[in-house]
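These protein sequence lines map, in sequence, to chains L and X. Per numbering that gives the first Met the number 0: the first sequence = residues 0 to 124. Per numbering that gives the first Met the number 0: the second sequence = residues 0 to 124.
Mixed in with the good hints there might be a few duds.
[Said to hold, decoys possible] Below, a list of computed lysine-lysine pairs in the DSBU-like style, where the Cα atoms sit at most 30 angstroms apart: (1) X:K88 - L:K39; (2) L:K9 - X:K54; (3) X:K42 - X:K55; (4) X:K55 - X:K88; (5) L:K55 - X:K42; (6) L:K54 - L:K4; (7) L:K107 - X:K4; (8) X:K107 - L:K55; (9) X:K88 - L:K9; (10) X:K116 - L:K9; (11) L:K4 - X:K9; (12) X:K9 - L:K39; (13) L:K54 - X:K54; (14) X:K88 - L:K107; (15) X:K39 - L:K9; (16) X:K42 - L:K42; (17) X:K55 - L:K39; (18) L:K88 - L:K116; (19) X:K107 - X:K88; (20) X:K42 - X:K2; (21) X:K2 - L:K116; (22) L:K88 - L:K39; (23) X:K9 - L:K54; (24) X:K107 - L:K107; (25) L:K9 - X:K4; (26) L:K2 - X:K107; (27) L:K54 - L:K107; (28) X:K42 - L:K107; (29) L:K2 - X:K116.
Source of the hints: derived by calculation from the structure; they are not laboratory data.
Number of protein chains: 2
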Amino acid sequence: MNKIKIDFDKLEGIIPAIIQDAADGQVLMLGFMNREAFEKTVKTGYAHFWSRSRKKLWMKGETSGHTQAVQEIRIDCDNDTLLIKVIQKGGAACHEGYKSCFYRTLNKGTATVDGEKIFNPEDIY
Amino acid sequence: MNKIKIDFDKLEGIIPAIIQDAADGQVLMLGFMNREAFEKTVKTGYAHFWSRSRKKLWMKGETSGHTQAVQEIRIDCDNDTLLIKVIQKGGAACHEGYKSCFYRTLNKGTATVDGEKIFNPEDIY
Numbered sequence: 000m001n002k003i004k005i006d007f008d009k010l011e012g013i014i015p016a017i018i019q020d021a022a023d024g025q026v027l028m029l030g031f032m033n034r035e036a037f038e039k040t041v042k043t044g045y046a047h048f049w050s051r052s053r054k055k056l057w058m059k060g061e062t063s064g065h066t067q068a069v070q071e072i073r074i075d076c077d078n079d080t081l082l083i084k085v086i087q088k089g090g091a092a093c094h095e096g097y098k099s100c101f102y103r104t105l106n107k108g109t110a111t112v113d114g115e116k117i118f119n120p121e122d123i124y
Numbered sequence: 000m001n002k003i004k005i006d007f008d009k010l011e012g013i014i015p016a017i018i019q020d021a022a023d024g025q026v027l028m029l030g031f032m033n034r035e036a037f038e039k040t041v042k043t044g045y046a047h048f049w050s051r052s053r054k055k056l057w058m059k060g061e062t063s064g065h066t067q068a069v070q071e072i073r074i075d076c077d078n079d080t081l082l083i084k085v086i087q088k089g090g091a092a093c094h095e096g097y098k099s100c101f102y103r104t105l106n107k108g109t110a111t112v113d114g115e116k117i118f119n120p121e122d123i124y
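Isolated chain L, as found in the complex:
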């Protein structure tokens, strides 16, 4: 065991956090955390992120109810990326209604939807 200093400097105050389904290992999304979002995530046990577009802290699921309960936090060899295993409430991480934000395969510049759809966004937002 050793003390870790998370490297928030490489991206000017934020760090990428990969969110993975703790049950089946599916990668659900990638978000960015600043120090405050990371600390809120640890303190509350629910994933919080820094929105680069809205320039504000937000809790995943604060609007949809589809929160992410943290099961495990891992850090990479350079201390500059997090991997967070979660239980995804409602079964869907993506605001488009899919289980994973990565619901499309990319091939020769075109995307094919093949992800699992859980809800209709119009019913939620």
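Given chain L, put chain X in place with the hints provided.
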């Protein structure tokens, strides 16, 4: 199917690429790609990245031989993150010799090594 414009602008020319083991779903690492690295990845079928510290394009495994053969490329709902499923040659993605760069659990500011070690870095580099 629809044409995709990958968003390289949010991080000034680079995009995060999550690398996942195609066989068992373990997240191996996160790297950044600029447009050239992405195009080389697609063209060659092997993961290429942009090194932010060395400011150069590199192929994963170019020194160690531990290359990553691309099986599938996925893109997220915002077109600003890639998820790439690979076959990891040599069984280890991390230059520290572990299967995954996320070989440590983070808890209360301390890290505990619990990842699978595949090789001794001194034997390779």
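**OP:** Sort out whether K9 of chain X lies within 30 angstroms of K4 of chain L, counting only the CA atoms.
**Re:** It holds: about 26 angstroms lies between the C-alpha atoms, which stays within 30 angstroms.
**OP:** Starting from K2 of chain X, check that the Cα of K116 of chain L is at most 30 angstroms away, please.
**Re:** holds, 21 angstroms
Original post:
Given the hint that K55 of chain L pairs with K42 of chain X, does the C-alpha gap stay at or below 30 angstroms?
Top reply: Distance ~38 angstroms between K55 of chain L and K42 of chain X Cα, so the pair is violated.
**OP:** For the pair we were handed, K42 of chain X and K107 of chain L, check the Cα-Cα distance against 30 angstroms.
**Re:** Holds. K42 of chain X to K107 of chain L sits at ~10 angstroms (cutoff 30 angstroms).
Original post:
Does K55 of chain X lie within 30 angstroms of K42 of chain X when you go C-alpha to C-alpha?
Top reply: Distance of about 18 angstroms is within 30 angstroms: holds.
Subject >> K107 of chain X paired with K55 of chain L [C-alpha distance capped at 30 angstroms] >> reply: Holds - the C-alpha atoms of K55 of chain L and K107 of chain X are around 25 angstroms apart, at most 30 angstroms.
Original post:
Regarding the pair K55 of chain X and K39 of chain L, is the alpha-carbon distance no greater than 30 angstroms?
Top reply: violated, 35 angstroms
**OP:** Given the hint that K88 of chain X pairs with K9 of chain L, test it: the Cα-Cα distance must not exceed 30 angstroms.
**Re:** Holds: K88 of chain X and K9 of chain L sit about 28 angstroms apart, inside 30 angstroms.
**OP:** With a cut-off of 30 angstroms on the C-alpha distance, tell me whether K54 of chain L and K107 of chain L pass.
**Re:** Given pair K54 of chain L, K107 of chain L is violated - Cα atoms ~34 angstroms apart, limit 30 angstroms.
Original post:
Are K42 of chain X and K42 of chain L close enough, with their CA atoms no more than 30 angstroms apart?
Top reply: Violated, at about 44 angstroms.
Original post:
Can the restraint linking K39 of chain X and K9 of chain L be considered satisfied, given a maximum Cα separation of 30 angstroms?
Top reply: holds, 24 angstroms
Subject >> Satisfaction of hint between K54 of chain X and K9 of chain L, Cα-Cα up to 30 angstroms >> reply: Since the Cα atoms of K9 of chain L and K54 of chain X sit roughly 13 angstroms apart, the hinted pair holds (cutoff 30 angstroms).
Hints 1, 5, 16, 17, 19, 24 and 27 from the list above are not met by this structure, while the remaining hints are.
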